[in-house]
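Chemist: One-letter residues, chain by chain:
2 protein chains.
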Amino acid sequence: MTTQPRLVEVRARILKENDVLARQLRERFRQAGVCVVSFVSSPGSGKTTFLEKMLAQLGARHRIAALVGDLATENDAARLGRACAQVRQITTGTICHLDAKMVAAALEDWRLEELDFLFIENVGNLVCPSSYDLGEQVRVVLLSVTEGEDKPLKYPTIFNTADVALITKMDLAAAAEFDLEAARHSILSVRPGMRILEVSAKTGQGMAEVGGWIESLRAG
Amino acid sequence: MTTQPRLVEVRARILKENDVLARQLRERFRQAGVCVVSFVSSPGSGKTTFLEKMLAQLGARHRIAALVGDLATENDAARLGRACAQVRQITTGTICHLDAKMVAAALEDWRLEELDFLFIENVGNLVCPSSYDLGEQVRVVLLSVTEGEDKPLKYPTIFNTADVALITKMDLAAAAEFDLEAARHSILSVRPGMRILEVSAKTGQGMAEVGGWIESLRAG
Chain A
1 MTTQPRLVEV RARILKENDV LARQLRERFR QAGVCVVSFV SSPGSGKTTF
51 LEKMLAQLGA RHRIAALVGD LATENDAARL GRACAQVRQI TTGTICHLDA
101 KMVAAALEDW RLEELDFLFI ENVGNLVCPS SYDLGEQVRV VLLSVTEGED
151 KPLKYPTIFN TADVALITKM DLAAAAEFDL EAARHSILSV RPGMRILEVS
201 AKTGQGMAEV GGWIESLRAG
Chain B
1 MTTQPRLVEV RARILKENDV LARQLRERFR QAGVCVVSFV SSPGSGKTTF
51 LEKMLAQLGA RHRIAALVGD LATENDAARL GRACAQVRQI TTGTICHLDA
101 KMVAAALEDW RLEELDFLFI ENVGNLVCPS SYDLGEQVRV VLLSVTEGED
151 KPLKYPTIFN TADVALITKM DLAAAAEFDL EAARHSILSV RPGMRILEVS
201 AKTGQGMAEV GGWIESLRAG
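Chains as they are written, first to last, in this note's numbering: chain A, 1 to 220; chain B, 1 to 220.
Just so you know, the hints here were simulated from the structure itself, not pulled from any lab data. Every value quoted in this text rests on a predicted model; they were computed, and no experiment measured them. Please note: incorrect hints may appear among the correct ones.
As the list claims (entries may be wrong) - Straight line, CA to CA, 30 Å or less: simulated DSS-like cross-link-like pairs of lysine-lysine: (1) B:101 <-> A:16; (2) B:16 <-> A:16; (3) A:16 <-> A:101; (4) B:202 <-> B:53; (5) B:16 <-> A:101.
Said to hold, decoys possible - Here chain B is said to cover these stretches of chain A; the calculated rule only asks that three of the stretch's residues, wherever they fall, bring their Cβ under 8 Å from a Cβ of chain B: (6) 39 to 50; (7) 60 to 73; (8) 115 to 129; (9) 141 to 150; (10) 154 to 162; (11) 172 to 183.
Unchecked claim - If we take Cβ atoms under 8 Å as the criterion, some of the chain B residues that face chain A in the derived model are: (12) 71; (13) 72; (14) 75; (15) 96; (16) 127; (17) 148; (18) 154; (19) 169; (20) 175.
Where is the CB? At the ideal position from N, CA and C, for every residue including glycine.
Between the sequences and the hints, there should be enough to build the whole structure, so can you do that?
Modeler: In structure tokens:
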């Protein structure tokens, strides 16, 4: 197709601009002393429920804010707002991912130095967010037990660009006949040595461990 | 951002080229007398399992082939191949959707007039595939009970471009505390009048009805 080289060229330029802006964001976060953790997964893997519970768990000891990305609706901001964090929704329209520019715009009037943590919930998508650095310190990819153990093999890039994998909805593992060892094998075959944590936001399984790990990010 | 207008321009041109090619495909399918149904959903909504069972169910009475899209792996083609259909995997690399050109290339040496049905399984993604017409006669969007009832509100475009919604994994509805009426309400509020069918590929619930509906597409 004759347009292909031009598209690649434009896409490369946009990604470069994103990387430059993400580096600026990362430096701004560092200077403000805020630890920024982003969360990415398929639609419906439980990002918002996990964050609701985690905000409630850590909110008493830390000053936490959240940015949440979605194509449409402000439902997630409303849900996280109930957990008492400072929350802003980024509504992307038809854009399938957050980028550094959207994050910078959403944070423009925030006083980052008053925060300990900023959580960024990306649009539900296992493909496109992998290309966009948001300036985060740590990227967490969520995989729910109902999605199938092979998803890391099918969406390797997102697992490769993430630092930690959270296996979510462990309460449904038996009903979904989830094979934890097969899932761990899939994750580790695309990202050897990746840290894998298992949680159920519903029953609380693993939430203390994940909370402790998040707190350690700031200490470290 | 200075690149924005140029990106939009290039994207619009690519979409236009896709639409032209999709129209040619649609005409080719019509002339060959093959009914083409595409399936799109989040990763892990159960597209492949549904298709495995549906191919087994309809395969004795109809000549069926399938194209399956994934970023990486040929797992799905291997799974569907066991159900005795002619199958080809389209491996997209980092591309987040199928387009008409990929479909045309994959079908190049196929004798479509020897087929009754062609099923196309898109890449698991609720955002990007919505922009790409594949020349299909009917587009089916799948929503599994574990993803949450609000997903149609959050990903309205994909539901708007689909003709029928399949609610999958109904066997997990109770464990996931799925609210069927809320999900139906979400779907119908973004696409009034949309046909909604409920299935479990695991227990067989609803599969005969969906199979009958697919067969009726060819009769009609």
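Chemist: Against each hint, give a clear statement of whether it holds in the structure.
Modeler: Each hint, compared with the structure:
no. : hint           : in the structure
1   : B:101 <-> A:16 : 28 Å, holds
2   : B:16 <-> A:16  : 27 Å, holds
3   : A:16 <-> A:101 : 12 Å, holds
4   : B:202 <-> B:53 : 9 Å, holds
5   : B:16 <-> A:101 : 28 Å, holds
6   : 39 to 50       : holds (count 3)
7   : 60 to 73       : holds (count 4)
8   : 115 to 129     : holds (count 6)
9   : 141 to 150     : holds (count 5)
10  : 154 to 162     : holds (count 4)
11  : 172 to 183     : holds (count 3)
12  : 71             : 6 Å, holds
13  : 72             : 5 Å, holds
14  : 75             : 6 Å, holds
15  : 96             : 4 Å, holds
16  : 127            : 4 Å, holds
17  : 148            : 5 Å, holds
18  : 154            : 5 Å, holds
19  : 169            : 7 Å, holds
20  : 175            : 4 Å, holds
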